[in-house]
Amino acid sequence: MNRTFRAVLLALFLTAIGLAIFIHKITASSVPVFPNQNYNSWYVEAKLSLNSDDLRLGSDDAETSTTIKFHLPLPSQRYEIVKEDFINEGFDRQVEYTKNNSDNRFAIFTQQETDSREFLFYRAIIQRKEGVAPGSEEVPISGRRLVDKQLVRFGENTERVKDNLNENLPTVEINALLNEAAKKSSDRLSLARNFYQLAIRPDDIRIQAIRRNLRKEESTVELVAFLLNRAGVPARVGNGILLRSQEVYSTDFIQWLEVQQGDRWLAFDPVNLSFSEQNRYLTWWYGSDRVIQAEGANNIALEVVVQPNTDNGLTRAIWRRGRVPNPFLEYSFLRLPLSTQRVFQILVLIPIGALVISILHQMIGLQTFGTFTPILISLAFRQTGIFVGIPLFVFVVIIGLLFRGYLNRLQLLIVPRLAAILTATVLVIGGLAILLESLDISLGLSVSLFPIVILAMTIERAAMRWEEAGPTDTIIAGIGTIVAAVIGYFCLINPYVEHWAFVFPELLLVVLALNILVGRYNGYKLIEYFRFRSLQRQLKQTEG
Amino acid sequence: MLTSPLQSYGILGINARNLDYLFPTNPRRLYRSADSKLETKKIAQIIGVPTPATYGVISFQNEVKQLAKIVQQHQSFVVKPAQGSGGDGIVVIKEVTDKGYRKASGSVLEPGDLHYHIYNILSGMFSLGGQTDRAIIEYAVQFDPVFDEIAYQGVPDVRVIVYKGVPAMAMLRLPTRASDGKANLHRGGVGVGIDLSTGKTLAGIQKNRYIDNHPETGKPLRDRQIPHWQSIVEMAAKLGDKTEFGYLGVDIVLDREKGPLLLEINARPGLSIQIANREGLIPRLEAIDAALPKLSGIGDKITFACEKFAVNNF
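Note that the protein sequences, when read in sequence, are chains A and B.
Everything in the first sequence is counted per my numbering, starting at 1 for the first residue and increasing by one.
Everything in the second sequence is counted per my numbering, starting at 1001 for the first residue and increasing by one.
These are computed hints drawn from the structure, not numbers from a lab.
Among these hints, one or two may not hold up.
Simulated pairs of lysine to any residue, SDA-like, Cα-Cα distance not exceeding 25 angstroms [to be verified]:
1. B:K1065 x A:R409
2. A:K525 x B:P1024
3. B:K1103 x A:Q411
4. B:K1164 x A:R3
5. B:K1207 x A:Q541
6. B:K1200 x A:Q541
7. B:K1182 x A:I476
8. B:K1103 x A:G470
9. B:K1065 x A:Q411
10. A:K540 x B:Y1210
Facing chain A, a subset of chain B residues (Cβ under 8 angstroms, in silico) [claimed, not checked]:
11. I1011
12. M1125
13. N1208
Every residue gets a Cβ at the ideal spot worked out from N, C-alpha and C, and that includes glycine.
Using the sequences plus the hints, can you model the full thing?
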């Protein structure tokens, strides 16, 4: 009793602290209690990873220092850049502008110390301007193949392209195309449309020749802009990213064509062949050069992360340093870089899954493989989806157990045998992924290594169980594991749970308190009502 | 507050067993001595409780080949993992022949097969948590013929729950075909309740259901007198009283010549014993708690248990 009393006291104390911080946070600041479904602002984070080996080699003769020119997003009628932030330790930074027919912005990073950090970060908060309708942010599936993407390539020899432009221009082919398109066109816009339709023909020899010559193999938009310029029509290439309602890791740059009409630039929509002001993408820069140009480093990886803002400007407030009076907001997960936040978004869900497991174990009496393996399986289901996840799980576990049965006949020692089972599991899953991929069925297995490792671990647990308790128990525990994983899965994918756990990590103190209470639960498990059913009937008989 | 029907009958659930009885009365550090049969034997020797004689212990892989030497003086023997649970990994050899080792079931194990089994024991296949283990080679119990009618190929034993040195409930555990010769209840073995005061059997259960006859032999389970009952109760009380375990399951086998022998002690005894005895444990445990200050010595405790927990409705 005494212990239970103390446990309840501790639980109440923890709950009080957790709830106090929680209530303080929602009353003293504008932290939204519920996840925000209407996004009108996004966080954009660009991470440049520099290959340090190449840096060192280059810096042997002290003359060459690394210089990186990185385009920055541009404000438009549609989006404004609320706040920008750089992390460029060991590099000098300058923001410069170009003034030709487009107002590009770019940051120039110059390396200061040879042993500087290998990462450069740029992050910004982008907000859709007030009064602008959400608009057509997503491209319909039917039109996706028409959307050009700019590949992130560096170290391209732009000089050679310029030489080609001046000397080896395929003039015959260009003029033939200009004539063909001009015949059918009445104005600038229809000329652009006709050029585009010519340019997407894959088998036109003239197009192939020009693309090869100008090194514009990948981009139809760049080719059309070039042709329009040759015809004397002001046209430019826009580059940008799509701001979606879901978070996107490593988004692509998308290219589009703009043609000047009067004093306005109109964007060409390749899907329905119409012109309008560009209202789909966040414009990053204009022109056909690459997003990064570098000297002294030839191996740079770029990742652009886009995340819709769910916290109504809380992050913005935090980033404006010094203006956050509240220490609970000052030190929160939202302060971390987006790629780190992502890790914590999953991490804070694990205690919730663990609470579900402890309730299922102590109050229901569900048997599972390993104690916390089901949560890991739930997390794996988050990536594969439940309809793929369950059959995959069952299939792979059965294969693993069959293999185990065979190895048993060879009389292998236990640890090497488990190692062999794990190896076989990885092979089976790998084979399955390749097979399904070749059949054009995507399992989402490519997402990460994580589900594979978890499945392999589960097989080990199942095999151990089979040794220790026999087949019936293994099947019961297997079903229990799936049930627990599915229950855990539905808790973990709930947007409210995700939001509360991440934005209000103090609520995990309440989870902790609940765990302590469950830890002192001395009532019956649900399965015990079935276990003692016949005894209860007997006792009732003798009584009555 | 809502009381469940189980609670009103005083049935002990697993959470209550752990929180209210095991954790407060069984110090954590003692579990090792219950989990390891070698430790248990040591304790039993100190307090004077008989156990099957140990012929030898194999601790390392290179000792496995000495098996023949260890057993050369003996016709029959048992190989068991020191830290096994629920009768897993136990092999009973009835006879050593030229071809190999003949098991209780009649099948013959070649020396290589038995060696492989011992390797598996050493690598921890049967131990709790899979740690490396030792193999015990010991005297094979010659079962008292009194159980011949109601045991199927294996080791019948008597389980006594001892709470603070007072025997609280007892049950006879019988192997069946379903339990593969093991007396383990969750494997399908039969449990038969025992009247603590007389040592006479009560109702039988299999898989939590009541049965009157043994499923294989068809012989009635009820009203059989367990021989040496008084010494069984004494052994159990002694183990409960002389060790630090507050809540303990004691497993005892009956040998034809040597009488009752301690097989193992269990620091987390199961709860099905309540079904076999048609009674919840909680009222008995509470009665023990209430009477404990007045009881001095093992004799008092046994007398209390026999009087208080006698079944007199027959």
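Right, here's what the structure says about each hint:
| no. | hint | in the structure |
| --- | --- | --- |
| 1 | B:K1065 x A:R409 | holds (22 angstroms) |
| 2 | A:K525 x B:P1024 | holds (20 angstroms) |
| 3 | B:K1103 x A:Q411 | holds (20 angstroms) |
| 4 | B:K1164 x A:R3 | holds (20 angstroms) |
| 5 | B:K1207 x A:Q541 | holds (20 angstroms) |
| 6 | B:K1200 x A:Q541 | holds (22 angstroms) |
| 7 | B:K1182 x A:I476 | holds (21 angstroms) |
| 8 | B:K1103 x A:G470 | holds (21 angstroms) |
| 9 | B:K1065 x A:Q411 | holds (17 angstroms) |
| 10 | A:K540 x B:Y1210 | holds (15 angstroms) |
| 11 | I1011 | holds (5 angstroms) |
| 12 | M1125 | holds (5 angstroms) |
| 13 | N1208 | holds (6 angstroms) |
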